[in-house]
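Undergrad: Next come the chains, spelled out residue by residue.
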Amino acid sequence: MNESFSLRAVPFRNRVFVASGTFGYGDEVAELVDLDELGGILTKSLSLKPRDGNPPPRITETASGMLNSIGLANIGVHKFIAEKIPKLESYSCAVIANIAASSVEEYCSVLELLDPLKRVDGFEINVSCPNVKEGGLSFGTDLAKVALITKELRKRTQKPLIIKLTPNVTHISEFARAAEAEGADAVSVINTLIGMAVNINTRKPRISTTTGGLSGPAIKPVALAKVYEVHKSVKIPIIGVGGISTWEDAVEFFLVGASAVQVGTANFINPAIGIGIAKGIAQYCERNSIDDVAELVGSLRADTKLSVIQSWL
Amino acid sequence: MIQEHCRIQSVEEIAPNIFELSFVSQAISAQVLPGQFVNIRVEDSLLPLLRRPFSLFSVDAPVVSIIFNAIGIGTKLLSQKKPGGTLDIIGPLGNGVFPLDDEGFATALLVAGGLGVASFPFLTSRLSETRNILTFVGARTTSNVIRIGLKNIQIATDDGSEGFHGTVVELFKAFINEQSVPTPRIYSCGPMPMMRAVAQIAKEKNIPCYVALECEMACGIGLCQGCPVESTMDDKKYNLVCKDGPVFEARKVNF
Chain W
-19 MNESFSLRAV
-9 PFRNRVFVAS
1 GTFGYGDEVA
11 ELVDLDELGG
21 ILTKSLSLKP
31 RDGNPPPRIT
41 ETASGMLNSI
51 GLANIGVHKF
61 IAEKIPKLES
71 YSCAVIANIA
81 ASSVEEYCSV
91 LELLDPLKRV
101 DGFEINVSCP
111 NVKEGGLSFG
121 TDLAKVALIT
131 KELRKRTQKP
141 LIIKLTPNVT
151 HISEFARAAE
161 AEGADAVSVI
171 NTLIGMAVNI
181 NTRKPRISTT
191 TGGLSGPAIK
201 PVALAKVYEV
211 HKSVKIPIIG
221 VGGISTWEDA
231 VEFFLVGASA
241 VQVGTANFIN
251 PAIGIGIAKG
261 IAQYCERNSI
271 DDVAELVGSL
281 RADTKLSVIQ
291 SWL
Chain S
119 MIQEHCRIQS
129 VEEIAPNIFE
139 LSFVSQAISA
149 QVLPGQFVNI
159 RVEDSLLPLL
169 RRPFSLFSVD
179 APVVSIIFNA
189 IGIGTKLLSQ
199 KKPGGTLDII
209 GPLGNGVFPL
219 DDEGFATALL
229 VAGGLGVASF
239 PFLTSRLSET
249 RNILTFVGAR
259 TTSNVIRIGL
269 KNIQIATDDG
279 SEGFHGTVVE
289 LFKAFINEQS
299 VPTPRIYSCG
309 PMPMMRAVAQ
319 IAKEKNIPCY
329 VALECEMACG
339 IGLCQGCPVE
349 STMDDKKYNL
359 VCKDGPVFEA
369 RKVNF
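Sequences listed follow chains W and S, in order.
Take the first sequence: its position 311, counting from 1, is numbered 291 in the numbering used here, and each next residue is one higher.
If you want the numbering used here, it's the position in the second sequence, counting the first as 1, plus 118.
Worth flagging that the hints you see were computed from the coordinates, not collected in a lab.
Glycine included, each C-beta is placed from N, C-alpha and C at the ideal position.
Hints should not be assumed to be uniformly reliable.
Chain W stretches covered by chain S per the calculated footprint, using a threshold of three residues with CB under 8 Å from any CB of chain S [as the list claims (entries may be wrong)]: (1) -8 to 5; (2) 9 to 19; (3) 40 to 49; (4) 249 to 259.
Start from the sequences, fold in the hints, and give me the full structure.
TA: Okay, here's the thing in structure tokens:
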């Protein structure tokens, strides 16, 4: 059974990745998780300079999910190169550097610093953070900006270039097409949804920035629908992300068109869950005589009538 | 740091709506230091989705316990757990712990507000026998006062039903103004305004002070960056309660 996956000839052991911002830089959880059993690690978003992040409170639990407003707190690309890359040398799993920036130039500068490093296998570009004033969503919801950022970064790297899209737009497929047209190798679908929660006793928002990014199982149906939409619009691989907590969730994403998946919020509850999900996918394939996980991708039988009972139960 | 399914040994209501839950973990009981915490998956459910962090109340290998007020969805479910069941627990967590054996202090002043007292019995048990320990406990009313495992307790209650009628900060301030204690060190845990006040007293009296902070957390291990506390130091604006704390030198916390 073949679990592997590749982008631009960069091989990944399997199709289960850990999402940016939910796994630090990998080394923090090495005590609990065998990193080498993952398809790859998406780093915490890296910016040119370190970012403090937003004031507390930054997170709150909601029904089947959580809201966050971390604000891209990160150590900055220079410290990442100096301190984290050497630690990652002891592992063989793929490392995709996630980049966040507040200008096109900053995206380019960060990528250019990381591109020569052997330990960095590719890039995921965060144009969709809802929690920062500059950059973030103002890029991700602007078609021309997404196209420009993709174009400029494509010129600067031969490594896999993945654009992480926001669901906070009317038609996410337009953004996927723009990324594809400018040379992206894949799109990650989706980043968090803008959400809000209120404390009725204090009449205050539960997080400091009033609104934040909703993640967790609550957003899985939205993410699936967005992957399904994008799958009908582009030829490049889609990395499905949004509320995946079980191998069954991951299989759903494959069926609607994702070539790989990222596990996010579920890492906070069980840091080793990505490995369990990869194993579950492999066992599902073996039980169903599927030789390659690729066979599942986009194999949804949407043309078949569902019985009401079947779809409900 | 380990992740383990631990057997629940007992769940007891030790005060009105305050529960002590004990569980068995050889590894956690062997490793844990005063001030560290465990992150508990209350149920394998979507709500509560996230783990719940608790400092350790008592450690008697291989049994450890936590105490909590059953006020939220997580703690209400925990209060209903039955002995023999299991809990998925990650711990011990936190790098900032209560310092025990630094030279140059003879008197430990423990100042707790409400269930901030939770980590003090374990701290008391680990402070060297040669230390003089004085404990100040504040509670809403006498029935809420937790005394288990504490030494030389002075009590303050909001309603005056026991001890000093007022806050633990007022009680502690009066004590420190009137008594001279040899080379003291303050350990404090409770609501933020209370710790802010204790830290202020410590600053005025030039007494080393350590505070154990609490914060809503998602992961407990530094992955989510969700539990910042503002720092007074120049090197970084925020520390994380989970990873850099939960115990901090009070002078390094911008209350």
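Undergrad: In ascending order, which of the hints set out earlier in this document are inconsistent with the structure?
TA: Structure breaks no hint.
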